[in-house]
Amino acid sequence: MSWICLVLAGLTEVIGVVGLKKASEKGSWFMYLLLIGGFLVSLTLLRISLEEIPLSIAYAVWTGIGTMGAAVVGILFFNESKSPGRILCMLGIIACVIGLRWIA
Numbered sequence: 001m002s003w004i005c006l007v008l009a010g011l012t013e014v015i016g017v018v019g020l021k022k023a024s025e026k027g028s029w030f031m032y033l034l035l036i037g038g039f040l041v042s043l044t045l046l047r048i049s050l051e052e053i054p055l056s057i058a059y060a061v062w063t064g065i066g067t068m069g070a071a072v073v074g075i076l077f078f079n080e081s082k083s084p085g086r087i088l089c090m091l092g093i094i095a096c097v098i099g100l101r102w103i104a
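According to the UniProt record's numbering, the residues represented by the sequence shown are 1 to 104, in order.
One thing to keep in mind: the hints can contain errors.
[Claimed, not checked] Straight-line alpha carbon distances no greater than 30 Å define the calculated BS3-like cross-link-like pairs of lysine-lysine that follow:
| id | residue 1 | residue 2 |
| --- | --- | --- |
| 1 | Lys-82 | Lys-22 |
| 2 | Lys-82 | Lys-21 |
| 3 | Lys-26 | Lys-82 |
[Claimed, not checked] Label-pair restraints from in silico Cβ distances:
| id | residue 1 | residue 2 | range |
| --- | --- | --- | --- |
| 4 | Ser-2 | Leu-40 | 32 to 40 Å |
| 5 | Glu-25 | Gly-99 | 32 to 40 Å |
| 6 | Phe-30 | Pro-54 | 34 to 42 Å |
| 7 | Tyr-32 | Ile-103 | 37 to 45 Å |
| 8 | Val-72 | Thr-44 | 18 to 26 Å |
| 9 | Pro-84 | Trp-29 | 38 to 46 Å |
| 10 | Gly-85 | Glu-51 | 35 to 43 Å |
| 11 | Ser-2 | Ser-28 | 32 to 40 Å |
| 12 | Trp-102 | Phe-30 | 35 to 43 Å |
Hints in this document: simulated from the structure, not taken from any laboratory. Built from N, CA and C at the ideal position, the CB exists for glycine as well.
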């Protein structure tokens, strides 16, 4: 259950990051609600996952999922670079997160 909470924490972090991006472009109440709500849920789920998963692993996985999610959202919705080097680095993040899960 802790791993499910951790993955959901990473995914809701992406929601918070999208809210941050949109709030910086157009400061509507909904965007601020998305920003605060996404991070609030994310940090709550991270806290729950820390009850069973070591801090060093949980934090690395959480930030890895958030980083990957933000990069993918940036590419798909905000016209950010799709360069081969960037894609290679993203694959490296995925490999590291999977490696941490296997080791834990």
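Which numbered conditions among the earlier hints are violated in the structure presented, ordered from lowest to highest?
Going through the list in order, the structure violates hint 4 alone and respects the others.
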